[in-house]
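Residue numbers (our numbering), protein chains in the order written: chain A, 1 to 418; chain B, 1 to 184.
Note that these hints are calculated values from the structure, not bench results.
Keep in mind that a hint or two might mislead.
[What the hints assert, rightly or not] Estimated spans, in silico, between C-beta atoms of each pair:
(1) A/G11 with B/S120: 50 to 58 Å
(2) B/A62 with A/S392: 43 to 51 Å
(3) A/I7 with B/A62: 29 to 37 Å
(4) A/K12 with B/L32: 23 to 31 Å
(5) A/G163 with B/T112: 50 to 58 Å
(6) B/W104 with A/V401: 35 to 43 Å
(7) A/I136 with B/T121: 19 to 27 Å
(8) A/Q249 with B/Y173: 50 to 58 Å
(9) A/G360 with B/P64: 55 to 63 Å
(10) A/V176 with B/S120: 39 to 47 Å
A virtual CB, placed ideally from N, CA and C, is assigned to each residue, including glycine.
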Amino acid sequence: MAPFDLIAILGKFGTYAIYLAIGIGFGVALEMSGFAVSTKLTGQFYLRDQTVFQVMFTGVIVAMVLVFGAAAMGWLDINRIWIPETYLWPGIIGGFMIGVGFIIGGFCPGTSVMAAATGKIDAIFYLVGILAGIVIFGEETSRFDTFYNSSYMGRFLISDWLGVSIGWLVFIVVVVALFLLWGSELLARAYSAKEPDAPQNTASTPATRPSNTWRFAGAGVLAVAALAVLLIGQPDPAALWERVAATEQVRLDERLVQIHPAELRSLTFDPNVKLAVIDVRDEANFNIFHLRDSVRMDLADLPAAVDDLVALPDNTVYVIVSNGETLSTAAWKTLVALGLPNVYILEGGINNWIAVYGEGMYPLLASIGNDEKLDYVFSAALGANAPAATPSQHDDGTPFVPKVELQSAGAKGGGGCG
Amino acid sequence: MTAMTQSASAIKNETAPKPFANPYVAGTLLGLVLFAAFFFTGNGLGASGGLNRMIIWFIDLAAPEHSDRVSYLVSYAGGDKNALDHWIVLMTVGIFTGGFVSAWRSHRLTWTTIKGPNISTQTRWGMAVLGGIITGFGARLARGCTSGQGLSGAATLSVGSWAFLLAFFAGGYLLAFFVRRLWN
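All chains should be modelled from the sequences, with the hints used to inform the complete structure.
Structure below.
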């Protein structure tokens, strides 16, 4: 399922060739729009030219429908594509600055690179400015580090914020955007009616005018596609699991993902790994005993939590914990189906952990081995304060077969502006 | 009608620049490219990130001890790291190449400065540098520009990216009145 691990398939140079090709497509789309012409770009802000708005929003809704359409069909794993994380206020202030820089300088970064290639000297000067701005930011960033990292909300989609399904959101955005595009045409027409002698805002000749038939057909196709995305719906974890079950069930059956408590202990102190221990038991069990620094999540909440989990660094190893392995295996299937990399299960669960690292500390129940039932008796709910809850820094030499192998998470790091 | 006569004249005069594409055609192509980026690579489109790495590479070349100490630079070019060894750089080179090829095929390749009628070329250049500085700073602060945040983030429905886009248009429209002499 897409996206693909291109480095593994094509090697580094093949991968870079793909990126080069995508960049070329991007450059061509910008150039044929007329975005090398700064007066045409800024014309957007004097209402004499709506091309910026029309090209941008057409691009956004076409890509949006295709991305979420492909996800609905199960062709694209949405959790493995890069979505800009939300740092609300740095984004707003930075966006405002780019708007200001745009109206003063006449470009934005992408258009200026393209315009410089077409021989626009103003674009070259603008590029020099950008590079200076970047250097200033790099040198001064320590002064406003706190602000730069403030209002972090992680991978936060509008559908999560509004509490609506992605299907509905895509459909509404497409319908609203189509009306806005229509409005932009009315605006442009009103402008040219008011100022018929307005100077041509292009150094080249104006754009060809779209014919009605094609415009309405295009709008209709987009609306129908958005409706299809809505009706099909985004796949739930169970459906996603079916798609990966063929390979992943094997790893489960061959016990390649169940790690020994001693491996978990060693991971805790491995400086190369960020460990995220997820405890999927109920609150009562969690309060009685849980591993230090583990986080409790209900099985049902995992799909919602996955957005935050994928945002953790690339070297994160997720270890799922329950009393036995039934619950943790169910959670593992959900997270793997949702595209989270490096997910493992604590072998034998908490019961096995205590058997290895809390031997003799707590009396055993009369009947043990009821999988998801805690085998030990605790006199009080100690949570992480129980002595066996803190992995010992001392390696007692308990043997284990290392199973954790860090996998690349696809391309989530770096994103669009790495 | 006008479009037809124009394209007819463009055919007659082979060196005359061709008209720009219909915005919806160009927008659809842009959307397809953006989707292809997500589908094949998992990444969106970006431009400022490539420029960022190019200038950091230059700093690293000129003053390696500096790029090893400033925390922002270390993550890109600390020690043996090559700031240019990243896909975003290739994408930026692609934007340049694509722009060149498209302009060349459409006879729009000329050395020229585009400006409003009421300012000198020197003023236009100065303002371009000033606008670039503000943009460069803003693009790093926002962790992306109109491509990475605006297009890629909006298409994937990120809250922060839509807030970014609104702020971008707000910044442009708010200031447009005060700098109208530059463009009109």
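How the hints compare with the structure:
1. A/G11 with B/S120: 50 to 58 Å: The hint (50 to 58 Å, Cβ to Cβ) holds, given that A/G11 and B/S120 are roughly 51 Å apart.
2. B/A62 with A/S392: 43 to 51 Å: Once the Cβ atoms are compared, 49 Å apart, the range 43 to 51 Å for A/S392 and B/A62 holds.
3. A/I7 with B/A62: 29 to 37 Å: holds (31 Å)
4. A/K12 with B/L32: 23 to 31 Å: With a Cβ separation near 26 Å, A/K12 and B/L32 satisfy 23 to 31 Å, so the hint holds.
5. A/G163 with B/T112: 50 to 58 Å: holds (51 Å)
6. B/W104 with A/V401: 35 to 43 Å: violated (60 Å)
7. A/I136 with B/T121: 19 to 27 Å: Holds, at about 26 Å.
8. A/Q249 with B/Y173: 50 to 58 Å: For A/Q249 and B/Y173 the Cβ distance comes to about 55 Å; the hint holds.
9. A/G360 with B/P64: 55 to 63 Å: holds (57 Å)
10. A/V176 with B/S120: 39 to 47 Å: holds (42 Å)
The structure fails to meet hint 6 from the earlier list, while all remaining hints are met.
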